[in-house]
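Those protein sequence lines, which keep their order, are chains H and D. Just so we're aligned: 156 in our numbering is position 156 of the first sequence, and the numbers increase by one with no gaps anywhere. Just so we're aligned: 404 in our numbering is position 404 of the second sequence, and the numbers increase by one with no gaps anywhere.
Calculated directly from the structure, the hints in this document are not laboratory data. All C-beta atoms, glycine included, are put in the ideal place defined by N, C-alpha and C. Fair warning: there could be bad hints in the mix.
Quick list of in silico lysine to any residue cross-link-like pairs, SDA-like style, CA-CA up to 25 angstroms [claimed, not checked]:
| id | chain 1 | residue 1 | chain 2 | residue 2 |
| --- | --- | --- | --- | --- |
| 1 | D | 447 | H | 125 |
| 2 | H | 272 | D | 273 |
| 3 | H | 9 | H | 184 |
| 4 | H | 109 | D | 402 |
| 5 | H | 272 | D | 56 |
| 6 | D | 85 | D | 96 |
| 7 | H | 55 | D | 407 |
| 8 | H | 55 | D | 410 |
| 9 | D | 137 | H | 260 |
| 10 | D | 408 | H | 211 |
| 11 | H | 55 | D | 85 |
| 12 | D | 424 | H | 211 |
| 13 | H | 272 | D | 426 |
| 14 | D | 18 | D | 97 |
| 15 | D | 114 | H | 184 |
| 16 | H | 272 | D | 381 |
| 17 | H | 272 | D | 408 |
| 18 | D | 137 | H | 271 |
| 19 | H | 272 | D | 451 |
| 20 | D | 424 | H | 116 |
| 21 | H | 109 | D | 97 |
| 22 | H | 41 | H | 54 |
| 23 | H | 272 | D | 423 |
Pairwise CB distance ranges, derived in the manner of DEER restraints [what the hints assert, rightly or not]:
| id | chain 1 | residue 1 | chain 2 | residue 2 | range |
| --- | --- | --- | --- | --- | --- |
| 24 | D | 347 | H | 249 | 16 to 26 angstroms |
| 25 | D | 401 | H | 188 | 22 to 32 angstroms |
| 26 | D | 347 | H | 108 | 50 to 60 angstroms |
| 27 | D | 226 | H | 26 | 49 to 59 angstroms |
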Amino acid sequence: MSERVAVRKTYKLFIGGKFPRSESGRSYLVQSANVSLASRKDARDAVVAARAAVKGWAGATAYNRGQILYRVAEMLEGRREQFVGLGVPADEVDAAVDRWVWYAGWSDKLPQVYGGANPVAGPYFNLSAPEPTGVVAVVAPEQPALLGLVSVIAPAIVTGNTVVVAASPAQPLAAVTLAEVLATSDLPGGVVNVLTGRLAETVPTLAAHMDVNAIDLTGVADAELAADLEVRAAENLKRVLRPAPAGHDWSADPGITRMTALLETKTVWHPKGV
Amino acid sequence: MNFEYAPAPESRSVVDLKPSYGLFVDGKFVDPTDGGSFKSVNPASEEVLAEVAEAGSQDVDRAVHAARKAYEKVWGPMPGRDRAKYLFRIARIIQERSRELAVLESLDNGKPIKESRDVDLPLVAAHFFYYAGWADKLPHAGFGPDPQPLGVAAQVIPWNFPLLMLAWKIAPALAAGNTVVLKPAETTPLTALLFAEICQQADLPAGVVNIVTGAGDTGRALVEHPGVDKVAFTGSTEVGRAIARSVAGTRKKLTLELGGKAANIVFDDAPVDQAVEGIVNGIFFNQGHVCCAGSRLLVQESVAEQVLESLKRRMARLRVGDPLDKNTDIGAINSAAQLARIRELSDAGSAEGAERWSPPCELPERGFWFAPTIFTGVTQAHRIAREEIFGPVLSVLTFRTPAEAVEKANNTPYGLSAGIWTDKGSRILWLADRLRAGVVWANTFNKFDPTSPFGGYKESGYGREGGRHGLEGYLNV
């Protein structure tokens with residue numbers, strides 16, 4: 001009996017809840033697969049998809065967002081072996097699952113921890129509450145391929161932002177596979193968009209894009225590129241998260257700063273009276 | 001019958017102005033290295049108030065070094081409870097000398113004494129008092145068990161609320177354990193220099209607060225100095241962008257409070273008289289030199305005529321003139337340059353087809369003045385609906401549905417503030433959720449408090465000043 005011929009997977013982009021190839025028709029060989037080489041146009045399309053998703057996602061209840069993030073953890077748990085097969089260490093997959101669970105619980109707690117009533121000196125109701133900043137461009141860390149990626153996506157979206165993620169160019173398969181997890185987790189299309197390819201090609205477009213509200217440069221290892229991206233980001237005063245220091249420990253307690261850096265605080269006043 | 005008010009001028013004698021001022025570096029007033037200076041004038045009379053030193057890059061360097069030394073040797077190691085006591089002291093001295101500061105603020109800035117006396121100064125003192133209390137409670141502020149200061153903060157502030165902006169910058173910076181080098185605006189440096197004297201009176205250790213006076217070049221030298229760890233700027237979006245570019249790739253933490261083009265939204269069920277007071281306060285407070293001014297009135301079509309009629313009647317009662325007169329509602333425009341900008345944009349409003357109206361109003365001959373002005377028939381494409389005028393000029397637009405109000409209100413690159421006038425509570429909350437602005441005033445406008453975070457969305461900048469949130473920009477979190 002002849003050995004069964006395996007069905008191979010095509011690794012594509014993830015934009016607006018769909019898996020298109022790069023509009024440029026290009027791919028690059030990495031991790032023994034032909035992976036889409038995203039173009040600047042793909043980056044712009046991803047921003048359009050992310051923007052379209054903001055209203056529904058930011059407007060969803062915190063409970064709903066929390067459940068969907070928890071659902072991502074459930075789906076990821078079920079695909080454990082698939083990630084191990086891509087070379088992701090088993091304990092890293094476990095840590096990534098746990099990170100989704102951790103962030104899922106924040107959706108309906110952060111506004112209480114980070115906002116609240118302000119005791120102003122006058123007869124006014126005064127309340128500060130955090131809101132998502134909008135569309136966030138994220139450069140995922142080069143590694144760990146899965147835990148690093150989850151650690152930058154989850155804190156951005158749990159509060160209602162939508163993201164365009166530039167995956168690790170050297171290890172994109174975990175990112176595309178995570179996109180398949182997200183696509184089956186009730187996460188609305190466009191909340192997370194994944195670009196694979198060269199950072200120098202797509203990220204400057206995202207940094208300069210006038211409809212992107214913030215950029216997370218965590219995965220930019222090249223200091224010169226990071227500075228250039230920050231300069232581009234200044235054009236519409238994007239919120240900027242600077243690159244993580246080399247040797248950052250992704251398994252450590254992440255704290256809340258990755259979430260709060262991508263929030264706006266809105267303060268509402270109203271007089272009290274009869 | 002004559003309802004004219006008799007003059008009621010506040011006495012200038014409470015202010016003891018020196019003919020010239022040096023830079024405040026390392027606890028002392030010093031001459032600038034290259035001896036440069038400029039004049040600060042009273043915008044209501046064009047009289048020269050004092051000659052002020054212009055800091056060059058060497059002076060800025062000296063100030064940054066003094067701040068660094070004070071940070072490492074004195075202020076950084078000092079227990080929070082002692083930092084708190086210095087800040088409480090400063091708050092008390094400001095209260096004790098508040099009339100002097102208010103009169104000087106009105107002289108140098110042109111704002112009515114009733115605003116500097118009843119709004120600016122009480123808020124300045126309150127701000128120091130509020131942040132004083134944080135200095136020994138930082139582990140409880142929600143930024144982890146042991147948040148640390150950043151080091152030396154470079155702070156550049158505008159001319160519209162000179163002393164209040166100084167308080168917004170210096171109070172949280174010092175409470176968090178940083179030392180500062182602050183540059184006041186070149187048209188309004190005098191209250192910052194009087195504040196330097198207050199630091200001396202409070203025996204604040206030398207170098208904790210340094211004041212360098214000068215214009216854009218001084219500010220640039222300060223912001224770009226490699227020895228600063230933090231940059232805080234309040235001013236125009238254009239300069240904010242340039243600063244964001246200049247700190248790219250550095251370790252400097254940046255907070256920006258920039259321009260605005262706030263919508264003040266009036267629904268058909270709003271009490272008209274209250275709404276009109278809110279519209280007037282929103283755009284004519286401080287001559288409209290307010291980044292969060294309600295400079296776009298969005299009025300529901302069904303009541304537009306009625307609201308405008310009331311507004312015009314109210315505007316005809318506004319008293320424009322001597323800032324030191326206690327009855328004055330609208331003072332002088334801060335500078336000739338700002339007056340030229342207001343004129344240029346207003347002329348563009350007329351040229352683009354909007355209809356201009358001002359009440360009959362006699363303006364003083366000397367000084368910089370602009371009558372309160374409204375434009376009707378404004379479209380969203382008009383420059384006066386898009387660009388920040390920073391003067392007493394209101395653009396009036398109309399809407400039919402709440403959804404249209406939201407669309408129009410958010411149709412701007414800015415996102416600092418917004419106003420809502422309606423009797424319906426659920427509509428306020430619905431709208432407040434949808435307005436992309438950092439401060440939403442419902443059935444009120446232009447309210448400020450040290451406990452209340454203030455700052456913008458989008459191109460109005462990032463970071464918050466005031467409240468617990470205001471500490472974040474000065475801590476390593």
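**Request:** Tell me, in ascending order, the numbers of any earlier hints that this structure violates.
**Result:** Hints 4, 5, 11, 12, 15, 16, 17, 18, 21, 24 and 27 contradicted; others consistent.
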